[in-house]
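On the provided structure of chain A, position chain B as indicated by the hints.
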Amino acid sequence: MNFFARYGGEIATLTVEHIWLTAAAMLFSTALAIPIGVWLTRSTRLAGPILGIANVLQTIPSLAMFGFLLPLPWLGERAARIAIVALTAYALLPILRNTYAGIRGIDPAVIEVARALGLTDTQRLFKVELPLAASFILAGLRTATVACIGIATIAAAVGAGGLGELIFRGVASVDNRLVLAGAVPAALLALTADGVLGLLERQVKVRS
Amino acid sequence: MSAALEFRSVSVLTPQGRPLLEDISLTVDPGTTTVLLGRSGSGKTTLLRTVNRMVVPARGEVLVNGIPNSSSDPIHLRRGIGYVIQETGLFPHFTVERNVGIVLEAEGRPRSQRIKRSHELLDAVDLDPATFARRFPHQLSGGQRQRVGLARALAADPNILLMDEPFGALDPLTRSEMQDMLRALLARFRKTVLLVTHDLNEALYLGDRIALLSDTKLIATLSPSEFLASSRPEIRTYIDAFQRGEQVSRR
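First to last, the sequence lines map onto chains A and B.
Each residue of the first sequence is one higher than the last, beginning at 1 in this note's numbering.
Each residue of the second sequence is one higher than the last, beginning at 1 in this note's numbering.
If you are wondering where the hints come from, they were derived from the structure by calculation, not from laboratory data.
Each residue gets a CB set at the ideal place from its N, CA and C atoms; glycine is no exception.
Among these hints, one or two may not hold up.
Pair by pair, the computed Cβ-Cβ distance ranges are [what the hints assert, rightly or not]:
{"no.": "1", "chain 1": "B", "residue 1": "D215", "chain 2": "A", "residue 2": "A109", "range": "21 to 27 Å"}
{"no.": "2", "chain 1": "B", "residue 1": "D23", "chain 2": "A", "residue 2": "L57", "range": "40 to 46 Å"}
{"no.": "3", "chain 1": "B", "residue 1": "Y205", "chain 2": "A", "residue 2": "D194", "range": "53 to 59 Å"}
Counterexamples of contact, computed for chain B against chain A with all Cβ distances above 10 Å [as the list claims (entries may be wrong)]:
{"no.": "4", "residue": "P19"}
{"no.": "5", "residue": "R39"}
{"no.": "6", "residue": "Y83"}
{"no.": "7", "residue": "L228"}
{"no.": "8", "residue": "R244"}
Covered, in the sense of this in silico footprint (three residues per stretch, anywhere, with C-beta under 8 Å from a C-beta of chain A), are these stretches of chain B [as the list claims (entries may be wrong)]:
{"no.": "9", "segment": "70–79"}
{"no.": "10", "segment": "90–103"}
One chain only, chain B, in its complex shape:
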């Protein structure tokens, strides 16, 4: 079985020549979720963005479904990859249903087909189309907006989903509801997911593999249980930072 995503010695530089990523090699198997974990500025978002060529590596290549993405037309490539970000980036002047159907609209599919697909996906993310389809983004709560963002990413039925801190702006309860919903969705529709977060709990809960990045380098790619058991100092530091509250209150 060939990898859904493969990074081969990817390095990214700023226009000034400062490294953002150095020699990253990583493989993501089809239908699995890999979480890119790391502190702000570690390069995890940059790595995610090399997949749909929002960022072009200075060296190395990224293979999407076995094909180097530098050889595909970026517009076509991007329409085939779902994309969700923290700020949702919903189009404020579009209704919810038009937001969800935007990739189909860009592809020139007929309106009736777009509306039908958009309502199916709103159902899938637990938003009743009768209530929500005609609303505008500013009329939704943060969690509802994030659901619409997810529905939009799934609309063209991509087999790869890129998620950049998708639940980062939500309160912990809403966030865990969204995580449950994502898990349920991934069980239903088989997708290869690359998810960026700095939240260790989210990484452990959602990831089949966790790739820890630190200061432009990939430290390790491990399963959640291997990750927790690891004695590597960078990993221990990360885990300890998350368990401080628990440790203090136990004393």
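So that you can see chain A by itself, here it is in the shape it has in the complex:
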């Protein structure tokens, strides 16, 4: 119990930092990926190339990504900025892909009728397409969030904080308790996010 007395406060602070990094990245990636995904459903010729770019972003090893961003002006000044930009890049693909696939997967008869009854493009998007694709989009958000919580532990390598801090220190000092003090809360965060978003996903699922 000595261990928790010593590290409890730090674990709590780092957990909050971890949540903050992930949440900020998810906010940015969602704000980018959903509009781009919608736009791709309108210009399908660009869908292949754009999804390809998002795909390539995801294949960059996370440690390398943090490294690439380090020398950049403004970004490089604060480790948290680097972490958020990198995490945003990783989260783009699942959200983008699911937004695109979710809207494209809607029964064509429904889209046809929405147009034929005289809904404007905006009405069709907000009344029909986004609600019908919502469970898909949320599934993308869930995948992205879980992945980001994991990748965020690497952000400690560039000094961005988060639970990775404890893991790196534990590895350096060959202290498994420290590694677990970082890894267990990170895993719990991921499980919680997965559960909550999964629940939300089922809530918005439309039966047809």
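Then chain B, alone, in the frame of chain A:
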């Protein structure tokens, strides 16, 4: 009396330049039903879709209530034309009453007005609003869904109704019930109807005029009795195809 719908030498091409419709001229008088009859791929659905500009002709024009539809705003045009399709295209995430009121919702009418109108129309298609208004499409039978689709098409009180194989997916008994209901509705609310089907019986039962399309061309536009009496080979082929079972069992 000017025509409710008039097709003037309408031709439609695919983006690759293959003709889907060639030089179609057809007039539909107000308050009458014209059935577009023909086999799959004859172009009948394409012709229907030129009316609300879901398809834009390469040549020729379509006049809706005497005005070329290319000169009206498509959103406004479409809200003024009822539209029913085989798959109903009901919005699966909307209740029945919201589905029926969607055109009014798109026009920004207040909710109370939409609900009232939606319940009136559910009554008109013999669906009790108390039972059905709050249900979702997946909780309905095929025939009930088709009734909701029809109620939705009528909600904004359009004077023109486009129906693309509206009863095609229904069993014969449900289909004939729906045909009776449509006839009763048309007797009550005067509508100009353009209805696509490949079912000869449906065409004879519902149509004031039958326009037979074959391979992108309009073969003839006739009344049901003229149609049955016609000796034109394309028409005979179509009629014979429908009477085969009867002929065989009579032998």
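Going down the list of hints, with the structure as the test:
no. : hint                        : verdict
1   : D215/B / A109/A: 21 to 27 Å : 26 Å, holds
2   : D23/B / L57/A: 40 to 46 Å   : 53 Å, violated
3   : Y205/B / D194/A: 53 to 59 Å : 57 Å, holds
4   : P19                         : 22 Å, holds
5   : R39                         : 21 Å, holds
6   : Y83                         : 4 Å, violated
7   : L228                        : 33 Å, holds
8   : R244                        : 31 Å, holds
9   : 70–79                       : holds (count 6)
10  : 90–103                      : holds (count 6)
This entry does not satisfy hints 2 and 6, going by the numbered hints stated previously.
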